[in-house]
Each structure stands twice: as C-alpha cells, then as structure tokens.
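*Asks:* Residue numbers (full-length UniProt numbering): 1 to 415.
Be a bit skeptical, because a hint or two may be false.
Said to hold, decoys possible - Listed below are the simulated DSS-like cross-link pairs for lysine-lysine, each with C-alpha atoms no more than 30 Å apart in a straight line:
hint : residue 1 : residue 2
1    : 232       : 130
2    : 228       : 215
3    : 77        : 318
4    : 192       : 178
5    : 192       : 81
To be verified - Label-pair ranges, simulated between beta-carbon atoms:
hint : residue 1 : residue 2 : range
6    : 33        : 201       : 12 to 22 Å
7    : 176       : 78        : 31 to 41 Å
8    : 33        : 309       : 21 to 31 Å
9    : 129       : 162       : 23 to 33 Å
10   : 78        : 293       : 48 to 58 Å
11   : 144       : 250       : 43 to 53 Å
12   : 309       : 382       : 52 to 62 Å
13   : 359       : 273       : 19 to 29 Å
14   : 382       : 293       : 38 to 48 Å
15   : 313       : 356       : 39 to 49 Å
16   : 215       : 78        : 13 to 23 Å
17   : 250       : 293       : 44 to 54 Å
Worth flagging that the hints you see were computed from the coordinates, not collected in a lab.
Backbone N, C-alpha and C define an ideal beta-carbon position, used for all residues, glycine too.
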Amino acid sequence: MKFRTILTIIGVVIGTASIIVMVSIGNGAQKSITDELSGIGSVTTLQVYQDLSSMGVPSMSGGNKKDKSILNDDAIKDLKKIDGVTAVTPVVNLSGGEIEVDREQYSVSLMGVDYGVLDDMRYETTSGRKPGANDENSVILGKDVLTSYTYSGASAKSEKSSVKPEDLIGQNITLVIKRTNEKGEEEQRTQKLRVSGVLESTGGNEDYSIISDYKLVTELNEWQTGKKVNIKKTGYSEVLVTVEDSSVVNDVTGEIEGLKFTVFSMQQILDSMGSVFQMLQILLGGIGGVALLVACIGIVNTMTMSIYERTKEIGIMKVIGASISDIRNMFIAESTMIGLIGGMVGIIISVLLSLLINLIAGFFIGGNGNANISYITPGLVIFALLFSALVGLLSGVRPAIKAANLSSLDAIRSE
1 MKFRTILTII GVVIGTASII VMVSIGNGAQ KSITDELSGI GSVTTLQVYQ
51 DLSSMGVPSM SGGNKKDKSI LNDDAIKDLK KIDGVTAVTP VVNLSGGEIE
101 VDREQYSVSL MGVDYGVLDD MRYETTSGRK PGANDENSVI LGKDVLTSYT
151 YSGASAKSEK SSVKPEDLIG QNITLVIKRT NEKGEEEQRT QKLRVSGVLE
201 STGGNEDYSI ISDYKLVTEL NEWQTGKKVN IKKTGYSEVL VTVEDSSVVN
251 DVTGEIEGLK FTVFSMQQIL DSMGSVFQML QILLGGIGGV ALLVACIGIV
301 NTMTMSIYER TKEIGIMKVI GASISDIRNM FIAESTMIGL IGGMVGIIIS
351 VLLSLLINLI AGFFIGGNGN ANISYITPGL VIFALLFSAL VGLLSGVRPA
401 IKAANLSSLD AIRSE
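Given the sequences, and given the hints that come with them, work out the whole structure.
*Replies:* Rendered as structure tokens:
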C-alpha cells in the first residue's frame, strides 16, 4: 500500500513539474521578446502618420483626398487636447548630410522635433543637457551617430570612431548638405551646430540621428529639395505623441484613430504578441497536463485498491459510530494529500529544472550561463499547487463514496 502510494505521488510530481516547466518555457519566450521589443522604443510613445502612404505603404482605403485628415499644426492642437497626452511634436527628417570629426567624414541624418516639448518627451541624455526651446542651433547626438559602415557584398560592417559623441559636447560641428541645381551643378550648404548633449539609447532611429529643432530641419529640407513646404495643406509625414503611462496607450490610440490618422505603437505589438503567447502557454500546459491526467488515474486506482485492502477496517469504523460522511471525508482527505504532496515536490523539482535549463541555455546562447528560456512566475506556482490538490480531491471522490456506502456487516465479514 505504501509503495503504491509513493508511486502515485511520483506520478503527480511528474505531472505538476511537466505543466510548470512547459508553461515556464512559454513565459520565458514571451518575456525575452517583450523585453527586446520594449528596448526598441518607448511603450509610451505613439507614432502618428497622416495615412499609410506616408510610411511607404499604398493606402487601401481609397476615397477622396479631401476626406483625409491632414496632419498639420491644427491637428497637433487636437492631439494635445486628448486626455493622457503629455507631449506632441512633429517629426521632420533630413538625410544625406555630412559632418567631419577628426578629418573623418560621417554621413548623418537629422531628426527634427519641437524643442518646446522636449522636456516632456521620453528623451534623456547620458551626458550634457537637452536644448532649450530657443536653442535652435543646438543639437543632441545619438549614441551611434559616429558609426560608419563598410559594405562587403550583402553585409555591412560597422566601425565606430575613436572619438565618442560625448567628446563633442560643448563643441561646434559643421553640417554639410548638398543638392543639384536646375543646371545640373552641385551646390552645398554648411550649417554650424552646437552639441549640447548625447541621447540615451532608445533602440530606434534616434540612436543614429542628430536630434535638432524641427524648424531648422524644415528650412534645410526646403533648401535641399528646392521646394517650399506648405504644412497646412500637405501636413507632416510623422508626429510623435507621448502619453502619461502605458495604461492609457490603447485609449489614446483609439482617440487618434477616431481623428482618421494611422497610429503605430510598441504596445500594439506587445498586445498582439501577448495573445500569441497565451495560446502557446495553453498548448504547452495542455501537453504537460496529459502527465497529470495519468497521475489522476493513478490516484483513483490507488484509492480504489485501498478500499479493498481496508474493507474490514471500514466496517469496524462504522460499527463503533463513524458516519458515512466521516468515512467519505477521510478518503477524500487522503487523495487530496496525495495531490498536494505531489504538487509541492513537483514545484521544487520544476524550479530546479528551470534553473538547469537557463544555465545550460546561457552557456550555449549567451556564453555567460545566464538566460531566461524558462521563467516561472509566482502565479504559475500557486496555480500548479492548487490544481494538483484539486486533481487529488476529485480523483478521490468516487472511491470515497464507494467506501462510505459499504455495508458494515459485509465489511466486517470480509477477509
């Protein structure tokens, strides 16, 4: 009887550990990808576009152009009125510029934003300071601005300058932009810029850009293209909206889409990934649950055999005054304890297995013995413990009822 009970507990241990480890692998994958995506851009920053075509994607909606909302200064005022929004800035980009540092030429891109709301955006400097609202000629350097690329076939090799962006703080740099005039002659324009700080890594385009005042970038763009931009009629290609915290991202996104603009946010990707990983966790948990189902059958078998072996004992208990509910509860308590003990041991083993999986994966993936392939949450531990106890309880119900309904006279006569 004791040996059979131990084997049954081992079955519960295997089932519980299987569920926890399987689901923890899904949790680990979700956590790794979520952390990676969160590092690419701030979850509280929304990218707003006039329409899909502004992102290089042909618009599928069709319709009259007059019906489309224009992302101009009036639209920016409307965006600022939305509850939960802390800052709104147009984004103006300029590519094809060059700067010279220690006689080395570097191709750079400018990203123009509204310096008036810079303090309310999620931009932080690792050194130096952020420009003030009137510092039109001051700029912030992305941490990888001085990275040059050499191309070999289809691959690109990056080489960082010996001069760090931090070394340029407080210094003047000369930006050179070029254009070809109507006669086919090349012209160039120089612009003196003063470096006020270095931007903390965002994981996005800002790392490779020079953050400038959007009015200056607009002026340089007009010179480079030779065309005057009518923002009121054409609008900005992109606007950045910063919200209070991640809890209001979806509400603000809905409000902006109601104004007929296209919105992209990291939160949308994280929500979509969350749904996918939830299905993955259910699938993995179901696979692990098969082992617990087998353990459930083992508990039923153990408790049923226990009744046959303790038939006389049950009869004696009834004769000396034990009620039907007392006997039933006794067997249910035993089966529940089998599930509970198996669950607790299974949790301990699953934690050890999780550590071992991460340790081995760390050596193969990261080389430092640290990885998050398996991630066990407190909620998963509590669920596994309660579920194993519930399995034990339900598995013991039928044998317990059978034991309670035994005739006391027949039970005493049995050998």
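*Asks:* Need the list of violated hint numbers for this structure, in ascending order.
*Replies:* Failing hints, ascending: 3, 5, 8, 11, 12, 14 and 17.
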